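K.L.:
Given the structure of chain Y, go ahead and fit chain R onto it with the hints provided.
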Amino acid sequence: MAQGQILAGYLAPHPPHLVYGENPPQNEARSEGGWEQLRWAYERARKTLDELKPDVLLVHSPHWITQLGHHMLGVRNLRGKSVDPIFPNLFRYNFDLTVDVELAEACCQEARDAGLVAKMMRNPNFRVDYGTITTLHLIRPQWDIPIVGFSANNTPYYLNTKEGLHEMDVLGKATRRAIERTGRRAVMLASNTFSHWHFHEEPAIPEDMSQEHPARYEGYKWDMRMIELLRKGHTREAFRLLPQFIDEAFAEVKSGAFTWMFAAMGYPEIPGELHGYGTVIGTGNAVMEWNLVKAGLVADAPRAAMGA
Amino acid sequence: MPVVAAFLVPGSPLPRLKPDNIPWGRIAAGYQRAGRAMAAAHPDVILMYSTQWLAVLDELWLTRPRLTGLHVDDNWYDYGDLPFDIHVDTELAHACVAATRRIGVNSRGVNFDGFPVDTGCIVANGFLNPDGSIPVVMAANNVYHSAETTEQLGRLAAQLADEQGKRVAVVGVGGLSGSILREEIDIRSDRIASHDDDRWNRQILDAIERADVNGLRKEVPEFAKTARADFGFKHFHWILGALQGKFYGARTHAYGPVYGSGAAVVEFTI
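Residue numbers (the numbering used here), protein chains in the order written: chain Y, 1 to 308; chain R, 309 to 578.
The calculated lysine-lysine pairs, modelled on BS3-like cross-linking and capped at a C-alpha distance of 25 angstroms, are:
1) Y:LYS119 <-> R:LYS326
2) R:LYS554 <-> R:LYS474
3) Y:LYS294 <-> Y:LYS53
4) Y:LYS162 <-> R:LYS533
Which bits of chain R does chain Y cover? Going by a derived footprint, with three or more residues having C-beta under 8 angstroms, they are:
5) 356 to 366
6) 380 to 391
7) 421 to 434
8) 484 to 496
Think of the hints as simulated: they come from the structure by calculation, not from any bench. From a predicted model like this one, the values you see are computed outputs, not experimental measurements. Idealized CB from N, CA, C, for every residue including glycine.
Next up, chain R with everything else stripped away, as it sits in the complex:
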């Protein structure tokens, strides 16, 4: 199997922009531990899928060799800017664009100066690949794709990397429970929006740590509905696809709130 590391990480910019706020600093610290694990795995490429990169026509893949700039989040611009410098594995990205017809998905490459890379990809790449030395392949979240289709896309991308003889790290960027606090809060006392959301998040994380894939397949749809999981938790299915539906456990490096929604940094044992 070409996959040498796998991570589920949050796309909120708050831990990146304000790690000195204790609740968000915990997430940032977890992210840093995951970053060290990423470096130790020595992948040739990171396969990244972010719930925040939305597509409605086709499946989109970044095919621009390098993207640099300064990103400002639509919501959290008060906390500062996010510089980015992303190197794309264009060989693999083009292979993905060409191959998805096999699974009934039409794909397009995106190779435009100034393309608005989403916050989630920038945050995840900044934490997990801080010097940008590992090329990435980034795939959009087509909002009409099901969990099953997303899983197929993850599987196909990992297979194509294998065909190119590449060691892969797979990263699913997105949140857990999706309810945010809708009033201004004292950010030092950020909390998960409800006890039910917190219970759901812990239940899902526990199932991931136990590698209960069958249980997760049953529970995730209800989790998605009841706890408003970020885009149906499709980023987990991306990972699951790349891992061919199999892993042996997981370590939660961090779990906590980002303005009420659930965020976790999880490293899979593969």
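The shape of chain Y in the complex, shown without the other chains:
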């Protein structure tokens, strides 16, 4: 078996509003649309993901919060209805997903070997969180690629940002080793919003876009600053600023997915492709891609040649 590789990473935020706006058959709630620019951003991301033809999508979600270590989904098939506890009026989604359990177990083992507390979730009745499902639907609505789902350990909030993000760096590097060891052609998905200031009341018509705008100008300015750095490939500078960004923009990247993804990719200093930016109840959301194949950092080895 050839060594596995990470083909790309996507910043893939999870506002359930985008699923609601799209009206897929899996979601019970119906809308008149809304948040089109972000949904079109995801349309572009879907195309590039399709071209990569990965074996597996790995997603880290801030809405499966665990206290004791980092958890990975470990049941081959999980299905059910995911109702968003915050926006149940918008997101009631019937999901049916396939987990790459072998890779999940390898990620768990590598994380343990790196000194982290890590656990496999084996309960078949487990309800997958809406962050995981939303990101996966938005990037690949066909649900035809196996996934590995990671919980968000609450260390960044429980201890502090520095220690929490250090753990995510360790977890990302462990994830990369697991991908390499199992021969997978993988795509990483960081399910994170940028600035996370939001409104406290919902418009009567949630998709009324005349009500949508950044909740705070400071958050918007921070988002643009970070996106500009990332578009130029100034990854090191973006990560130097990350703690300040988290503090001053209440950025959801504190929960760790963004750091986990970049650590797995080796913090490449390559320009990120911005597929689009928009706000959802005032929060800042960027859909971005770091394509390691296009950047020449990995060979575009087709699946057959990988022996996977």
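P.N.:
Below, chain R without anything else, positioned relative to chain Y:
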């Protein structure tokens, strides 16, 4: 006063899922004593607030007449599933949704199949209302609400129940000190995460038992900060609101650790 019983109880599923583990079994036994006290009080409705049901937009109230299912906790799924069958007093819940504007809070009802009822409400209802015969009103913990706002919500809910001629049991679901043990442990030797946390918990429980409301109002903010009390101990303020800030003592049916955090089952004397 319409309130005939009041309880502060933990929302951790561990005592419910694994009562054969001695430290958690003590909490479960305390919960069972509280359940008997609940039954003896013959309430018409339980007003329940759980720190684990998080809201960020508006205040949410369950308005679905009945919720049934199998719940799996995000953290403690290894220990099994939590079946639930919850009957909601929709008349009172709708009244709460309609009335909170009086105190400057926007509310919404939640009436959706498959809504993820939180672990805390399921655990508390399972212990205190095991046959589900007492209808409940469940209110979310809006993370932006202060202790004062939470107290106002509890007071308003109890007043509305009184207007409907109902006898009320009020339940605040949440923990004491919030630090958990962050490594795998031998669960038989579970302990409060630190001596300081343990001291704080005992100090707060002692003040509750003495019904020192003024002292508690002063101490709780420091307790919340120093001992990481579960969501600022807002579940206590929910109870305090429903009791109109007055009770005469309390009995601690159980106190102990749940993976390092503090848990207590407390019955208020009213």
